[in-house]
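Engineer: Chains as they are written, first to last, in my numbering: chain H, 1 to 256; chain G, 1 to 265.
Treat the hints with caution; some may be incorrect.
The calculated label-pair distances, taken between Cβ atoms and stated as ranges, are [claimed, not checked]: (1) G:177 - H:206: 54 to 64 angstroms; (2) H:47 - G:8: 48 to 58 angstroms; (3) H:152 - G:156: 18 to 28 angstroms; (4) H:120 - G:245: 22 to 32 angstroms; (5) G:16 - H:152: 24 to 34 angstroms; (6) G:8 - H:17: 44 to 54 angstroms; (7) G:225 - H:152: 45 to 55 angstroms.
Simulated from the structure, these hints should not be mistaken for lab results. The beta-carbon is built from N, C-alpha and C at its ideal position, and this holds for glycine as well.
Here is what each chain is made of, one letter per residue.
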Amino acid sequence: MIKRSYWSLPYLIFMVMFVVLPLILIAVYAFQDGSGHFTLANITRFFTDSDSLQTFALSIEIAIENTLICILLGYPAAWILANRKLNRSAVTVMLFIMPMWINALMRTLATAELFNMLGFTLGKGTLLFGMVYDYIPFMIYPIYNILMKMDNSYAEAAEDLGATPWKVFWKITVPLSMPGVMSGVLMVFMPTVSTFAISEFLTNNKIKLFGTIIQENINSSMWNYGAALAFIMLLIIGITSLFGDNKETQAEGGLI
Amino acid sequence: MKKVLAKAYLYLLLAMLYAPLLFIAIFSFTESRVLGNWTGFSTKLYVNLFSGGMNGGSSLLAAVENTLLIALISAAFATLLGTVAAIGIYNLKGRKKAAMQFLNNIPMINPDIITGVSLFLLFVFLHVSQGYATVVLAHITFCTPYVVLSVMPRLAQMNPNIYEAALDLGATPAQALRKVLIPELRPGMISGFILAFTMSLDDFAVTFFTRGTIGLETLSTYIYADARKGGLTPELRPLMTIIFLIVLILLVVMNMRREKMNKTN
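Go ahead and model the full structure; you've got the sequences and the hints to work with.
Structural biologist: Pasting the structure below:
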């Protein structure tokens, strides 16, 4: 009988083929010109092209703003949901999570159409609102999860020792829930930088984000520059994922 | 007082989250081709959707069919591959195990656009013509890690001796697999399958980059193309309403199942 650890071999081969090799190809194409010779031109083009740099800066700015608003609005919601004195209804929790299961494009389109009907001009304001709308469930869920799992005895001990509720919240609850906030940040920040359809819908294609220029380059057969942009994004992912605990990323997994 | 404020805050957020969905649902019951223009109650859009009698022909229904079929095939393959992989990874030790778990995490950390672009480059590099098969392969790639993560906890909970016991009592490895191992892992496999299925349904970016130019449309790419053209196909309204309802019902059923399981444990 073959050893059972060998059962991971098919998956290993599959992953090397469809995950590792493609990622290497991004780097390969990023450092090649159209005829396959090594070049740094794609990377230097990004750093010297003010349009690309501006788009990049704007994407990061929107992503930071979106993440901050999601924390500001989402943390209190998660806290209330996890507080047994304030909320006992599992249905309310489910209602907050349900949007995660609906196709993001559909939800975004609905939001854009609602803005259109209400007569708002599509632009940066609507983009931010739509982004928050799209991503806030991904912030609320991991925070809620960690607050639910939290050991209450710390907070009770602090209370017994005379801490005010406000102090308990800032000195106990917030620090203990930081891993949840971090995974929320991971699930909101990177997708915001990389999205393309969402920003196009919400601004009527007036504002381009980093994802959009990657998409445009790839689709107009400028693979090498597109790959260079994707490569830069990969580097950012590498940096941001250092801040978070990857095991918490599978928020949706806990649902079933 | 505190409770009222807390409730008010939650309901305000929920109102914000659901306003666009309600808006679409309400206007799915009127005939007007322009959204936001109420021309009286009508179920014509629903009839149109199911009879395929609309301007764009039956392309919307075809897109729904493609989406479901791709999700079904991808989730099935991902469940098979992921379950076998989970058993293998569980039995690995030390560095090899850590390396496989790290590898398994990559597709989950990567944004869709990176997965999409990297697979696009792979298919270009290998000169594979892109279409149905490449989309399914791409979906298996980003779905399988979720299956692995759903099955692993079941393996950890399982008593490792019962498999050996089956062998000692004369079961062939195949019998032991079918009668002992698979039943033990089934709940994890089912959650993995459901997760993979919904991941595939939700996907836009990966499909967009790997579908090639043969005109393959899933619901997401259909919506994207539709929105770019400017005019939103009115029949999308009833379709979206139906999808919201299905998701809602599914979540309620799943929550009830989980509560029941929690009680029996």
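Engineer: If you test the structure against every hint from before, which numbers come out violated?
Structural biologist: none
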